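Visitor: Below, each chain spelled out in residue letters.
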Amino acid sequence: MLLSSKEGLSRVILVTGKGGVGKTTFSALLSLAIAPYEKDVRVVSIDPSHHLGDVLETELSHEERKILDNLRAAELNMDILVENYLRKESEFLKRTYKATSALNLEKFFDVLKYAPGIEEEAVAEHLFSYFKEDVVTIVDTPPTGPTLRILSFPWIQEMWLQKLIELRAKIVGLKESIDSIKMGKKVEIDDKILYELLKMREEVSTKINLLRDSKEFGVFVVTIPERLPLLDMERLIVELKKKMVKIIGIVLNKYNESRDRDVLERIRSQYQGIPIVLIPSHDSSNIIGKERLLHLLREVKVIE
Amino acid sequence: MYSELVNIFSVIAIGSFVGLPVPASITIRLIPLLNEDIKHMIAKANRLDDEFGDLFGILNMEA
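Quick note, the sequences are listed as chains A and B, same order.
Reading the first sequence from the start, the letters are residues 12 to 315 in this note's numbering.
Reading the second sequence from the start, the letters are residues 8 to 70 in this note's numbering.
If you're looking for bench data, these hints aren't it; they were derived computationally from the structure.
Keep in mind the model is a prediction, meaning the values are calculated, not measured.
Cβ atoms here follow ideal geometry from the backbone N, Cα and C, with glycine treated the same way.
Incorrect hints may have been included.
As the list claims (entries may be wrong) - Here are the simulated lysine-lysine pairs, BS3-like style, with alpha carbons at most 27 Å apart:
1) B:K46 / A:K174
2) A:K210 / A:K181
3) A:K181 / B:K46
4) B:K51 / A:K193
Said to hold, decoys possible - A short, non-exhaustive set of chain A residues, derived as facing chain B with CB atoms under 8 Å:
5) G128
6) E132
7) I167
8) Q168
9) W171
10) L172
11) L178
12) R179
13) K181
14) L185
15) I189
16) K203
17) I204
18) R246
19) V249
20) L251
Work out the full structure: start from the sequences and follow the hints.
Guide: And the structure:
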């Protein structure tokens with residue numbers, strides 16, 4: 012097994028790093044490495060410029076496709092994810108505003124698909140659906156920036172909810188004081204908006220706790236021995252530590268022992284306690300198909 | 008103060024429709040509950056050029 016972790020693997024594993032460092036290759040390698048040890052494994056790409064199918068030498072689409080008996084793969088289509096997400100949200104709005112259907116106004120809700128950040132919301136929501144299943148899911152991601160935006164989404168929601176709750180509590184407090192003075196007795200306001208905000212914050216906290224639970228969620232940070240990808244890795248690790256998300260391992264791809272020993276030593280001393288996966292230098296255009304991936308897998312070393 | 012806070016709350020809560028980066032999922036959940044607050048916000052916007060009207064509104068006084 013690629014990592015003989017004593018704790019076992021997280022249920023959802025995110026593979027992230029700068030563009031072009033080999034996230035897709037590692038995602039495919041990891042899925043093939045753990046498949047013999049797990050009941051059910053899935054590898055999905057959420058990078059809009061998909062290459063998972065190219066690496067696995069299989070045509071992939073939004074629908075999952077069987078790669079091995081217990082391994083399936085898919086390249087998620089962002090448009091479908093946003094549509095599914097909005098269908099759910101629009102149905103809620105349309106149910107709330109039944110009259111709009113009669114006036115044929117419901118199509119105006121469709122404009123929501125252009126709301127800023129909706130793609131990140133849709134992808135984040137879809138990823139959370141994987142936590143409900145008894146399947147190890149490996150997620151091949153877009154480069155660091157977009158991935159961090161998706162991953163940060165519950166924290167952004169929490170921050171907004173916190174501010175809105177503070178403001179609403181102040182409003183309710185003032186309303187209570189004003190009404191108490193008017194009525195000449197103490198009045199308590201049962202504010203539905205405050206109740207809804209508190210309910211939403213509870214839901215978001217549950218999501219954040221899932222992301223902080225190493226049995227449920229973990230991240231592999233992929234890099235190569237070059238200055239910018241290494242800097243990107245450092246920033247990514249700072250962000251992940253800030254969020255208290257488990258880093259399962261650092262993957263040093265295209266490692267050349269004679270050339271990159273210093274880089275490895277620096278990473279080892281800087282990130283003690285985080286396993287390092289070394290993938291030897293290879294011609295990535297050649298690593299296509301299960302056979303070649305399994306061949307490369309035999310050369311992978313793990314420093315724990 | 009109360010009136011201003013209700014106004015600010017509505018503007019922020021429906022922010023994703025007016026260019027503020029509040030997550031749309033929060034706005035969508037709140038919208039069905041915001042009828043009164045939105046009416047208040049619109050009335051407030053209508054009184055922007057009428058400072059006396061706004062003051063009377065805050066004091067609940069009829070002209």
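Visitor: If a hint holds in the structure, say so; if it doesn't, say that too.
Guide: Each hint tested on the structure:
{"no.": "1", "hint": "B:K46 / A:K174", "in the structure": "22 Å, holds"}
{"no.": "2", "hint": "A:K210 / A:K181", "in the structure": "18 Å, holds"}
{"no.": "3", "hint": "A:K181 / B:K46", "in the structure": "20 Å, holds"}
{"no.": "4", "hint": "B:K51 / A:K193", "in the structure": "23 Å, holds"}
{"no.": "5", "hint": "G128", "in the structure": "6 Å, holds"}
{"no.": "6", "hint": "E132", "in the structure": "6 Å, holds"}
{"no.": "7", "hint": "I167", "in the structure": "6 Å, holds"}
{"no.": "8", "hint": "Q168", "in the structure": "5 Å, holds"}
{"no.": "9", "hint": "W171", "in the structure": "5 Å, holds"}
{"no.": "10", "hint": "L172", "in the structure": "7 Å, holds"}
{"no.": "11", "hint": "L178", "in the structure": "5 Å, holds"}
{"no.": "12", "hint": "R179", "in the structure": "6 Å, holds"}
{"no.": "13", "hint": "K181", "in the structure": "6 Å, holds"}
{"no.": "14", "hint": "L185", "in the structure": "4 Å, holds"}
{"no.": "15", "hint": "I189", "in the structure": "6 Å, holds"}
{"no.": "16", "hint": "K203", "in the structure": "5 Å, holds"}
{"no.": "17", "hint": "I204", "in the structure": "5 Å, holds"}
{"no.": "18", "hint": "R246", "in the structure": "22 Å, violated"}
{"no.": "19", "hint": "V249", "in the structure": "23 Å, violated"}
{"no.": "20", "hint": "L251", "in the structure": "21 Å, violated"}
Hint check: violations occur at hints 18, 19, 20; the rest are consistent with the structure.
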